[in-house]
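Number of protein chains: 2
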Amino acid sequence: MLQGNAIVAQSGGPTAVINSSVAGVVETWLANPDAPGNIYGGISGIKGILEGRIIDLAEQKRSVIEGLRYTPGAGIFSCRHKVTAAEQERLVETFRKLNIRYFFYNGGNDSMDTANKTWQAALAADWEMRVIGIPKTVDNDLAFTDHCPGFGSAAKYIATTVRETGIDLESVSTKNKVTILEAMGRNAGWLTAAAALSKRYEDEAPHLIYLPETPFVKEKFLADVERVYRKLGYCYVVVSEGITDENGEYCFATGGKDAFGHAQLSGVGVALKDLVESELSIKARCNTPGTAQRSAAHWASKTDADEAYLAGRTAVEYALAGKSGLMVTFERIADEPYQIRMGQTPLSKVANVEKKIPLTWINEEHNYVTEDFIRYARPLITGEVHMPMKGGLPEYVRIDLNRGRL
Amino acid sequence: MLQGNAIVAQSGGPTAVINSSVAGVVETWLANPDAPGNIYGGISGIKGILEGRIIDLAEQKRSVIEGLRYTPGAGIFSCRHKVTAAEQERLVETFRKLNIRYFFYNGGNDSMDTANKTWQAALAADWEMRVIGIPKTVDNDLAFTDHCPGFGSAAKYIATTVRETGIDLESVSTKNKVTILEAMGRNAGWLTAAAALSKRYEDEAPHLIYLPETPFVKEKFLADVERVYRKLGYCYVVVSEGITDENGEYCFATGGKDAFGHAQLSGVGVALKDLVESELSIKARCNTPGTAQRSAAHWASKTDADEAYLAGRTAVEYALAGKSGLMVTFERIADEPYQIRMGQTPLSKVANVEKKIPLTWINEEHNYVTEDFIRYARPLITGEVHMPMKGGLPEYVRIDLNRGRL
Numbered sequence: 113m114l115q116g117n118a119i120v121a122q123s124g125g126p127t128a129v130i131n132s133s134v135a136g137v138v139e140t141w142l143a144n145p146d147a148p149g150n151i152y153g154g155i156s157g158i159k160g161i162l163e164g165r166i167i168d169l170a171e172q173k174r175s176v177i178e179g180l181r182y183t184p185g186a187g188i189f190s191c192r193h194k195v196t197a198a199e200q201e202r203l204v205e206t207f208r209k210l211n212i213r214y215f216f217y218n219g220g221n222d223s224m225d226t227a228n229k230t231w232q233a234a235l236a237a238d239w240e241m242r243v244i245g246i247p248k249t250v251d252n253d254l255a256f257t258d259h260c261p262g263f264g265s266a267a268k269y270i271a272t273t274v275r276e277t278g279i280d281l282e283s284v285s286t287k288n289k290v291t292i293l294e295a296m297g298r299n300a301g302w303l304t305a306a307a308a309l310s311k312r313y314e315d316e317a318p319h320l321i322y323l324p325e326t327p328f329v330k331e332k333f334l335a336d337v338e339r340v341y342r343k344l345g346y347c348y349v350v351v352s353e354g355i356t357d358e359n360g361e362y363c364f365a366t367g368g369k370d371a372f373g374h375a376q377l378s379g380v381g382v383a384l385k386d387l388v389e390s391e392l393s394i395k396a397r398c399n400t401p402g403t404a405q406r407s408a409a410h411w412a413s414k415t416d417a418d419e420a421y422l423a424g425r426t427a428v429e430y431a432l433a434g435k436s437g438l439m440v441t442f443e444r445i446a447d448e449p450y451q452i453r454m455g456q457t458p459l460s461k462v463a464n465v466e467k468k469i470p471l472t473w474i475n476e477e478h479n480y481v482t483e484d485f486i487r488y489a490r491p492l493i494t495g496e497v498h499m500p501m502k503g504g505l506p507e508y509v510r511i512d513l514n515r516g517r518l
Numbered sequence: 113m114l115q116g117n118a119i120v121a122q123s124g125g126p127t128a129v130i131n132s133s134v135a136g137v138v139e140t141w142l143a144n145p146d147a148p149g150n151i152y153g154g155i156s157g158i159k160g161i162l163e164g165r166i167i168d169l170a171e172q173k174r175s176v177i178e179g180l181r182y183t184p185g186a187g188i189f190s191c192r193h194k195v196t197a198a199e200q201e202r203l204v205e206t207f208r209k210l211n212i213r214y215f216f217y218n219g220g221n222d223s224m225d226t227a228n229k230t231w232q233a234a235l236a237a238d239w240e241m242r243v244i245g246i247p248k249t250v251d252n253d254l255a256f257t258d259h260c261p262g263f264g265s266a267a268k269y270i271a272t273t274v275r276e277t278g279i280d281l282e283s284v285s286t287k288n289k290v291t292i293l294e295a296m297g298r299n300a301g302w303l304t305a306a307a308a309l310s311k312r313y314e315d316e317a318p319h320l321i322y323l324p325e326t327p328f329v330k331e332k333f334l335a336d337v338e339r340v341y342r343k344l345g346y347c348y349v350v351v352s353e354g355i356t357d358e359n360g361e362y363c364f365a366t367g368g369k370d371a372f373g374h375a376q377l378s379g380v381g382v383a384l385k386d387l388v389e390s391e392l393s394i395k396a397r398c399n400t401p402g403t404a405q406r407s408a409a410h411w412a413s414k415t416d417a418d419e420a421y422l423a424g425r426t427a428v429e430y431a432l433a434g435k436s437g438l439m440v441t442f443e444r445i446a447d448e449p450y451q452i453r454m455g456q457t458p459l460s461k462v463a464n465v466e467k468k469i470p471l472t473w474i475n476e477e478h479n480y481v482t483e484d485f486i487r488y489a490r491p492l493i494t495g496e497v498h499m500p501m502k503g504g505l506p507e508y509v510r511i512d513l514n515r516g517r518l
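Heads up: the protein sequence lines correspond to chains A and B, in order. Our numbering runs 112 ahead of the 1-based position in the first sequence. Our numbering runs 112 ahead of the 1-based position in the second sequence.
I should point out that these hints are in silico values taken from the structure, not numbers from a laboratory. Using N, Cα and C, we set each Cβ at its ideal position, and we do this for glycine too. One should not assume that every hint holds.
Stretch by stretch, here's where chain A covers chain B in the computed footprint (C-beta under 8 Å, at least three residues) [claimed, not checked]:
{"no.": "1", "segment": "189 to 203"}
{"no.": "2", "segment": "251 to 258"}
{"no.": "3", "segment": "332 to 345"}
{"no.": "4", "segment": "394 to 404"}
{"no.": "5", "segment": "465 to 474"}
{"no.": "6", "segment": "502 to 512"}
Here are the simulated BS3-like pairs of lysine-lysine, each with C-alpha atoms no more than 27 Å apart in a straight line [as the list claims (entries may be wrong)]:
{"no.": "7", "chain 1": "A", "residue 1": "502", "chain 2": "B", "residue 2": "395"}
{"no.": "8", "chain 1": "A", "residue 1": "414", "chain 2": "A", "residue 2": "502"}
{"no.": "9", "chain 1": "A", "residue 1": "395", "chain 2": "B", "residue 2": "194"}
{"no.": "10", "chain 1": "B", "residue 1": "289", "chain 2": "B", "residue 2": "395"}
Facing chain A, from chain B, some residues (calculated, C-beta under 7 Å) [stated by the list, open to error]:
{"no.": "11", "residue": "126"}
{"no.": "12", "residue": "454"}
{"no.": "13", "residue": "493"}
Pulled out of the complex, with its shape left as it was, chain A reads as follows:
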């Protein structure tokens, strides 16, 4: 077995269960008597490692590591940072200096690209390493895995919110008869589509779902809303922040770009609300849960939280078995009863590929998803996670980022 220390870091937008993966890594490493070194945490992802902000996670209280299984946010902090070639070399130098031979990177597409490049840089510098990616994203857009930890909890939250606000909408008879919920998902509509899990009856929310996978046509949207409204007296629309027009341009984009050059989106829901009010003269409301979608750990899916932990545990097992340059994946064996097995895919394959909803899972009218999607998503939102409560609120833990500093 390759002797040396390990480091785990988190990257990109947090999820309700991203910390559960870190707990899986740390507890699995510490529980293994053959683990060949210390288990470190890089604060703020790759950026913190570059800056030497590293802690020994064995120094944290055991209860804090355990508490990561139900605590949202990125417990050891996260970043969005595109690593340059020069930084990749410095990163390998840091690993060499600290005798780090195992690197676990918990993130989405961009992070898998970073992990892959870091591995390549280590190979080029003749520093043998085991680099394993742990998938994480509420967007569920990583390829070569059945689904991503983080998605199930966000999907459960969105579906519950749509059910609750849908009941609210239908039960007030006199005003604001269109509700629009704007969901996250830059180029893939998985989380937006999850709203469909909410619907039990034909007249229940949601009535219309607009995804980034198919072009958004304003006139069609207005006709759809009017039709539902005329029939039921109300209409609930769920829309992705990332819908695009027929030329593939983001609708209502605000113009900014993030560190990876992705367009900054906001305001799609409010823009559609204004459109309904001005074009159809129907009062509308817009709910924009925003970052609550990715952090609502109080309503996390137990299936998701357990799988996130399993992904962390599997990453350590793969690395200690000598594997490298891989991302942990989930392979579905059956929908019902739901059954999965762990798999793997080369980081080089998964990096920067976006998995979108298959077009055959979207209806012909491009305003709802099919039963295939429901069958796929349903098992991912089951079960609840229980956490200690104090004063009526979840008592989440906090990693002490000054404890065990290297």
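Here the structure of chain A is known, so what remains is to put chain B in place on it, guided by the hints.
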């Protein structure tokens, strides 16, 4: 005892626990062997009663009435409708025709005004009635009661959401370092202030809270945000949808009015996000939970749900004891351990009065609340309500509005 039937109806915006009050009314009425008639439900509040849309609630399945204790929305539907003098007379005619002597109206300020006027109209028409108001509002702005059912659950949801999205904010180091959450509350900031329940540590969210009770000054807001941001590297702001400028005008109002002539508000959060980005050049996000604040029954406060039920039960007890023209109130005996007793206040007093946060509970800088507020609000968010789950989602009930139609 006055012989005749009873009717219960719901009014205004729903809450997570408004149905719990209806369950309290119906179950208490049906369990009382001396109850002098049937217990009806008016569909869509006063509007449905005027239109003759009335059902016998004893015809519903018992499990459905029980399920109202955990189901959001207005189970027998609600309305916002200002009753005219002519309509008041027609209402009394309807009551006379159906031998309705007991009227329970579950709503906020406007609804208590409606209940009062209806009672006056019945007195004038020589139709003896017992009219009891049951308080309900997430805004917590009804006077002469310590607090209102609905507020505790919304407060728990807001505080939890701020804790979770606050952890999210602080844990991503590289972008969107200001989060703004827009909370409900037209003229009273109770729900916005409830965000403060979330804070455990000095550096934790929320950092700034802006309420409608004190004038909002843009320059002061920007200076506040910049100061927190310079100190911590991030800043979490909670703002009421109803903030006003120094002339008492709503900031960023969109211009519309509701049925009672109240200004329609929206977009305060987004407007502040834009302000932070343009004036301070700091990337910001805005979370607008919207109607989720008043319908998130999955995370209701048990204290609140139980008190809502108690308010319904007490309304029936008052009416059967011969009382009328009153609203049920809560009187606080102690904060810790929390203890209340039921009280009453004349509908004529409570109607159209808005209870705001005392200015002594707001800090001198007008950007946070004091410990007095925390002490007041803390007991109202305790405990969780458990509900049947199916497929990972809360299995809420639906009253069959076609069953038992009169």
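Each hint tested on the structure:
For the segment 189 to 203 of chain B, the proposed coverage by chain A is satisfied: 5 residues have a C-beta within less than 8 Å of a C-beta in that chain, meeting the threshold of three. Counting residues of the segment 251 to 258 of chain B whose CB lies closer than 8 Å to any CB of chain A gives 0, which falls below the minimum of 3, so the coverage claim is violated. Counting residues of the segment 332 to 345 of chain B whose beta carbon lies closer than 8 Å to any beta carbon of chain A gives 0, which falls short of the minimum of three for the stated coverage. Counting residues of the segment 394 to 404 of chain B whose CB lies closer than 8 Å to any CB of chain A gives 9, so the stated coverage by that chain holds, three being the minimum.
Here the segment 465 to 474 of chain B counts 0 residues with a CB under 8 Å from a CB of chain A, which misses the bar of 3, and the coverage is violated. Interface restraint, the segment 502 to 512 of chain B with chain A: holds (6 residues with C-beta to C-beta distance below 8 Å; minimum three). A distance of roughly 33 Å separates the Cα atoms of residue 502 of chain A and residue 395 of chain B; the hinted pair therefore is violated under the 27 Å criterion. The hinted pair formed by residue 414 of chain A and residue 502 of chain A meets the criterion: a straight-line CA distance of about 21 Å does not exceed 27 Å.
Distance restraint check for residue 395 of chain A and residue 194 of chain B: the Cα-Cα separation of roughly 18 Å lies within the 27 Å cut-off, and the hinted pair is therefore satisfied. Only pairs whose Cα atoms come within 27 Å are accepted, and residue 289 of chain B paired with residue 395 of chain B is accepted, the gap being roughly 6 Å. For residue 126 of chain B, the suggested interface contact is upheld, since its CB lies about 5 Å from the closest CB of chain A, less than 7 Å. With a cut of 7 Å, the hint placing residue 454 of chain B at the interface with chain A is violated, because the nearest CB-to-CB distance is about 22 Å.
With a least beta-carbon distance of about 4 Å to chain A, the hint placing residue 493 of chain B at the interface is held under the 7 Å criterion.
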